[in-house]
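S.K.: Please build the complex by placing chain B on the supplied structure of chain A, with the hints as guidance.
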Amino acid sequence: MEETSMVDRFEAYVASNKKIEPKDWMPDKYRKTLIRQISQHAHSEIVGMLPEGNWITRAPSLKRKAILLAKVQDEAGHGLYLYSAAETLGVERDDLFADLHSGKAKYSSIFNYPTLTWADIGAVGWLVDGAAIMNQVPLCKCSYGPYARAMVRVCKEESFHQRQGFQIMLDMAKGTPEQKEMAQDSLNRWWWPSLMMFGPTDANSPNSADSMRWKIKHFSNDELRQRFIDMTVPQAEILGLTLPDPDLKWNEERGHYDSGVIHWDEFYNVIKGNGPCNKERLAARNKAYDDGEWVRDAAIAHSEKRAARKKTKAA
Amino acid sequence: MSKKNWPLFEVFIRSRQGLSHKHVGSLHATDAEMAIENARDVYTRRQEGESIWVVPASEITASSPDEKDSMYDPANDKIYRHPTFYDLPDELKHM
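From first to last, the protein sequence lines stand for chains A and B. Here the first sequence is numbered in my numbering, starting from 1 and rising by one per residue. Here the second sequence is numbered in my numbering, starting from 1 and rising by one per residue.
Bound conformation, chain A alone (with noise of 0.2 Å):
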């Protein structure tokens, strides 16, 4: 068959909501994008566990502790599943991880910025979460059954993360007048970048008429951005903490919350490398990875001697 007519068949099986499965014929533009955005998806899962690591060994309670752990090997676990999805594609693990470790492939910019208080981890368990849970929620749906069904996996455990940031903010924001302050610091420094996370205005996300027509995405950016304001208003104002936006006001006529102009120059910025944290990021990813060496050296040695000693068994 013709590639054209090839492309106007997959464009109108997608269209009717059918799922796209790995040896299935599909135009190699949707390949590269669905292999971009689900490795740089599971880069910022294995990247995201870094700031939040940070506070492992200075968590304030054994309960925090162990929350903590567990959800920092979820977001471990989330980026193995999105790899898997990412690897059903064509690509091998191993390129995907050199990428990542040489820079060339992108992460969630919000891992760019360090976490300087506990007050923190409540903060990028309620937004950062809460951001990534909206976007990820309409992923379930994307029209790649691999990079979908790993997405219910990731949503299903995520709401707990969320839920247990919203906890340490909450319990600080009721707390000493310092534990509050405390709080309203973490919110003030970590609204905007949140935001972010949403992307691009649509007007400057110039890919995203292909992902929508291909049900990659079903909502655009600034569409899911203002469902997080006007989902996260109400939450703040239950922790009776600001939210650090002149300009933020009910809109009656629209039904939504307006906003405050998003900086993008510095969202921009951080992409580009110059975040607060993006080289201590890198860094550490790639000694994790180098120190780790001997450790897959062994499991190979291991692995190869087990396999020596069943065949001298079986002869």
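It is possible that part of the hints are untrue.
[To be verified] Computed footprint of chain B on chain A; a stretch qualifies when at least three of its residues, placed anywhere within it, have a C-beta under 8 Å from a C-beta of chain B: (1) 10 to 24; (2) 257 to 271.
[Said to hold, decoys possible] Computed, partial: chain A to chain B, Cβ under 7 Å: (3) Q37; (4) Q40; (5) G77; (6) L80; (7) Y81; (8) A299; (9) I300.
Honestly, the hints are just simulated from the structure, not real lab data. All values reported here derive from a predicted model rather than from experimental measurement. Using N, Cα and C, we set each Cβ at its ideal position, and we do this for glycine too.
M.R.: The following block gives chain B in isolation, referenced to the frame of chain A:
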């Protein structure tokens, strides 16, 4: 074994006794034993299963999606294989 690209294993999990194993995803491991251990950590952190199968992905033979039409065509016109094909008298209460 090469240092790069460890073998890929597909993972199947029985969520509880009485149900069949279901495909949940894949992972890399140096051998099947390691694949089982890793599958425990990656796929059953919330008591999702009580039995794990791992299968080297290279050992799986799959039907081709290109042959989907011809492969399943023979079943298309045999509606009499379904119980709804048969008209039964109204007075028949159970069958």
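S.K.: All the hints need checking, so say for each whether the structure fits it.
M.R.: Against the structure, the hints come out as follows:
Closer than 8 Å: that is the beta-carbon criterion, and the segment 10 to 24 of chain A has 3 residues meeting it against chain B, so the requirement of 3 holds. Residues of the segment 257 to 271 of chain A with a Cβ under 8 Å from some Cβ of chain B number 0, which does not satisfy the need for three, so the listed coverage is violated. Evaluation of the Q37(A) hint against chain B yields a violated restraint, the C-beta minimum of about 18 Å exceeding 7 Å. Violation of the interface hint for Q40(A) is found here, the shortest Cβ-Cβ separation to chain B being roughly 19 Å, above the 7 Å cut-off.
This hint holds: G77(A) has a C-beta 5 Å from the nearest C-beta of chain B, less than the 7 Å allowed. For the restraint placing L80(A) at the interface with chain B, the shortest Cβ-Cβ distance is roughly 5 Å, inside the 7 Å limit, so the hint holds. Contact between Y81(A) and chain B, as hinted, is supported at the beta carbon level, the nearest pair being about 6 Å apart and thus within 7 Å. A cut of 7 Å between beta carbons decides the hint on A299(A): the least distance to chain B is about 5 Å, and the hint holds.
Hint status for I300(A): holds, given a least beta-carbon distance of 5 Å to chain B, under 7 Å.
When the structure is compared with the earlier hints, violations turn up for hints 2, 3, 4 and for no others.
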